[in-house]
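First to last, the protein sequences are chains R and L. So the first sequence is numbered by our numbering: it starts at 11 and just counts up by one. So the second sequence is numbered by our numbering: it starts at 151 and just counts up by one.
These are computed hints drawn from the structure, not numbers from a lab. You may find that some hints are simply not true.
[Claimed, not checked] Simulated DEER-style distance windows between Cβ atoms:
(1) L:L217 - R:V137: 34 to 44 Å
(2) R:T49 - L:L341: 53 to 63 Å
(3) R:D163 - L:D182: 52 to 62 Å
For each residue, glycine too, the CB sits at the ideal point set by N, CA and C.
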Amino acid sequence: MKFAKITQIILGIVMTSNLDVSAQQYISRNVNVSFLSETLIENIIAENNQSSSVLDMSNGSIAFQVPIRAFHFDRALMEEHFNENYMETESFPNSTFRGNIKNWTDDFANGETHDIIASGILTIHGVENEVSALGTILFEESSWTLNSVFHVDAEDYDIKIPKIVRDNIASFIEITIHASLSPR
Amino acid sequence: MKTISFYSKLYLAVFIALFLTTSPINAQDLLDGLSDDQEQVYQVAATFKDTRIVNLQSNETPGKGVLHFVIAHRFGRLSDGAYELWGLDNASMRMGLTYGLNDRVSFGVARSTFEKTFEASVKARVLHQTQGAREFPFSLTWYSGVMCYGKKWELPEFSSRLSYVHQAIIARKFSRNLSLALVPSLIHRNLVSTSSDIHDQLVLGFGGRYKLSSRISINGEYNYRLNKSIDDIYENGLSIGFDIETGGHVFQLHLTNSRGMFERSFLSETSGTWLAGDIYFGFNISRVFN
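The shape of chain R in the complex, shown without the other chains (with noise of 0.2 Å):
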């Protein structure tokens, strides 16, 4: 009957601890992403609000899912050859960050800004790369605001810019990242 008891109280905590490892999981469905090609002929401008992130609190893991076709462009052909053109969607139709905050604390929830460097895979258009990142967190009312600019290189992806808009396009792409979590 002792063992059972013991089994039972073992039980208990690994239940408790299972419920507190989903609560630490903040999600977010309408993560704010956009980018920017700068040239000095024009500046293109896209942004998709329709990106999800998950935040395990208790290790710093992050992950990001951006639909390609959440991508809205001012223009409707540049959304068109965007999609056809040079991220292919129907082949490749999400991309992808898994990763870590690698200078993670559990101090992070103390309400104030603090700079964070995540790093992991990011996928786009099918073709992985290892990746490094930096920007701000915060804890505050029960949300985390996680805000990031990086860029990424068009080659590296292998999405092929012709020479013919070479002066429109830039190969070297602005990320802007804004999202706010909630307790999953």
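Starting from the known structure of chain R, fit chain L onto it as the hints suggest.
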């Protein structure tokens, strides 16, 4: 003793099961279960590269606030031989402007040198092929236009110059590369050349494209006339060509047995025969302005 060992075994089994589910969560798992419940409805874009397949309208419209300018040429017959540089000495031209009022409706005007024809048209996307959470299998676009014969002509009534076209463009993008269209059309001519000639010409158009690369596609169309007058002298239109897209421009290069570039001409009055060498080389160049 026996009951204890039974309970302890049971607890152990549950314990192990729970332990497995609470094993460290990596980033891979974080995204699990996300993709399914965030499915959205997406309109299928770029069924065709341009608003026309070759001569035939495609299901595409210019889009909101976009001015679509097209300049098109058809040269003479290939069978004219070296003296006419296989038709290149004779060019017939059409200029067209189409404005997208919104993402569904556009208005167009055009002028052809052939019979000095003016055109005015309206094109509307009625149904959109969609994918994602809700799938709809095809796009339906409506096209209506009026064409006006513009040559000096001693005729009492202006209405005799007019002819009309109404089309339902049913298109489906089957894959990234393959799109097909079925285009039932009605041409009404107010004036016809003989009393036995028909005023209303029904045409079933078939069109398609296959992308050879992300910027080049091969296009074709066949316009089958469903009714004919007794002394019919016309042919069914057959055209084949390439779309080459370069950022803001689409170049369409093609061979066709129809010389005219407006619907009355290429749907109901195609006179060339492919086998007799009545093949016209031509191109459409389109450019969009925002």
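Each hint tested on the structure:
1. L:L217 - R:V137: 34 to 44 Å: 37 Å, holds
2. R:T49 - L:L341: 53 to 63 Å: Holds: the Cβ-Cβ distance is about 55 Å, inside 53 to 63 Å.
3. R:D163 - L:D182: 52 to 62 Å: At roughly 30 Å between Cβ atoms, D182 of chain L and D163 of chain R fall outside 52 to 62 Å, so the hint is violated.
Checked against the numbered hints above, the structure breaks only hint 3 and satisfies the rest.
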